[in-house]
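2 protein chains.
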Amino acid sequence: MNTSATTASANHTPLVDTALFPEGGDGEVRAAHRLYEHLVGIWAPGVVEAAQDLGAFAALTEGPATAAQLSERLGTDLRATRVLLDGLHAYDVLGRARGEDGQPVYSLPPEMHGVFAPGGLYSLAGKITHDRNVAWDAWRNLAENVRSGARTSGGAQQLNQISEEDYTALVRGINFWAPPITQVLAEGLRAHGWTSGADRRMIDVGCGTGIYSQLLLNEFPELRARGLDVERIVPIAQEQAKRLGVADRFRTEICDFWNDDWGNDSSLALFVNIFHLQTPESAHELLLKTSKSLAEDGVIAIADHIVDEDEDGSTQNKFSRLFAASMLATGGGDAFTVQDYDQWLADAGLRRIALLDAPMHRVLLAGHA
Amino acid sequence: MNTSATTASANHTPLVDTALFPEGGDGEVRAAHRLYEHLVGIWAPGVVEAAQDLGAFAALTEGPATAAQLSERLGTDLRATRVLLDGLHAYDVLGRARGEDGQPVYSLPPEMHGVFAPGGLYSLAGKITHDRNVAWDAWRNLAENVRSGARTSGGAQQLNQISEEDYTALVRGINFWAPPITQVLAEGLRAHGWTSGADRRMIDVGCGTGIYSQLLLNEFPELRARGLDVERIVPIAQEQAKRLGVADRFRTEICDFWNDDWGNDSSLALFVNIFHLQTPESAHELLLKTSKSLAEDGVIAIADHIVDEDEDGSTQNKFSRLFAASMLATGGGDAFTVQDYDQWLADAGLRRIALLDAPMHRVLLAGHA
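Order-wise, the sequence lines are chains L and S.
Using my numbering, the letters of the first sequence map in sequence onto residues 1 to 369.
Using my numbering, the letters of the second sequence map in sequence onto residues 1 to 369.
Simulated from the structure, these hints should not be mistaken for lab results.
Note that the coordinates shown come from a computational prediction; the quantities given were computed from them, not determined experimentally.
There's no promise every hint is true.
Here are some, though not all, of the chain S residues that point toward chain L, as calculated from beta-carbon distances under 10 Å [as the list claims (entries may be wrong)]: (1) R30; (2) T81; (3) D260; (4) L277.
Virtual Cβ for every residue (Gly too), placed ideally from N, Cα, C.
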């Protein structure tokens, strides 16, 4: 068990000061504290979602306020409002300073405003809505899915519990992953000699909001992109392309991945969070189809939670494996290893060029073998 | 907002490698990753509780196993079992090594065995049972309690949602806090000249399992303790005193704190996690009663989640404030500040001697003014 201090994430809020454990103390007592800290992980979504539900973040986006002011504004109990705000401060979600009369004044840091705003480009509002509707029950009852394999009584894989409406919220709610992943991808493409000229075309298969293509278009000013997705999603992608100033180079296509033709001149074929939804069989089929659509010097870029068995303690492996557990809870897919991908690539006449680390994901680049 | 890396806790599992963020990147994107990591805090209790429910930890206490072996033993789906075990490995709850045939073999580290065992001295099994029954719904619906103040329609404070049965489980399930707190307390007593002779008596008011007294009796071999609690709890304390070899010096008393006499010769009056359950009025009354029971050179020791407004970023403040939010969710009390305690002490003819940090709590020592 890894018990060394870690500095790989600045995001966590320690609730145990392990420096105060007695030297050479009981390993079981330390282990119990560590497990307790895992168990109370539920507190963080609890306070954040309650505050979002009550409109506290929207109110604080307008300016700092005391617990009394917020309680009046939101129609909530004063003491309970103070407890909630202090809890959010404990997680460093809110600032807390003493006002002139000694009462604490709470503030939402500017970089957090868009995070809670429904229309923010990198908003998590959709993720929160989805979690409110689906995640709590699913995680509370995970044991049932481990028993059944999340399969229906007929043996089929459980339907994804995410409704169409939730999916639309969720697809916007994970845009925030895109900037660091796109940066890693752009650097990787340049490092491997991929060039962007006026004749370069990319396809973004299952583009969602199109955020990855749209950020790449800003990186490569001559590149043009086609975003393929279902009818319900493409208007979101079109609207966002306008917002990001790349609408003239980003075209959406309503597309049935499996049956429609993708063309045969793609310089770049991008798959973000698509492969974890596949079975080994459908992954193989997808890569065969990609191989046919790819120009001779084209590159396939797969951004996903990809496990690298040779990097066992890596943050990317941990996230990948826990995301697989999340999908076991709510439906949706699995985490595959780079060894799985290598096999699928080889079977489709392709080969891996690079495997790059992003903050939570990995980016795999591949080309014709 | 604090975005610096922290090493105060070795317990967390980072899921974002913040070192891979682009230099000078967008603050909102970083903030969104940080918030996401808070929101997925729900994953940790999800996987741990599912494994406990399914009996996976009990099985692994007997020895390492593959996913196939566990799935057969537990009657669970193979793929889903593998996903669950990999998730527990991601949180460093399970070890994972490659067996000779290449299949991962999962192991529960020895220091974790007692943590999941119902009868373990520092077991969290009772905490997990309580969380399964109460915590999920309570945290999911926290916003309701912030609106209502967790009060009944008649205006009274909400009844604690913890049933008697759950409380009995829970009171055993938080023993693990005791060893480092008791060590801090014993060192503090010695540092302030408190001595233990054959005539020294302590009372442990609301003793629960009696773990704090029992560990102190092991520190101070001439000390004798009386543990006061309700009828349902004292048999637990008696049994545990035997287990820890101090039954000859630990006596339980079924006691109504408010109406029964505590005597007047206590060298040490101990209150662990009692004051957070009080109102300011009942805290005042409790300290008045303590003052009367305390020998002239006696010491009052209060171990609780105590907020120190002068140490705003401290781990102890964060835990205190989040525990207050937890009590808002499930019922039970509040977090008071050291300034509150100082006022109550002064009103009862007492004065603070010391305020000491434990890994999650603070220990306040006081004596006659």
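Here's how the hints hold up against the structure:
1. R30: OK, holds: R30 (chain S) within 10 Å of chain L, min 7 Å.
2. T81: holds (6 Å)
3. D260: Since the shortest Cβ distance to chain L is 31 Å, the answer is violated.
4. L277: violated (15 Å)
In the structure shown, a violation is registered for the earlier hints numbered 3 and 4, in ascending order.
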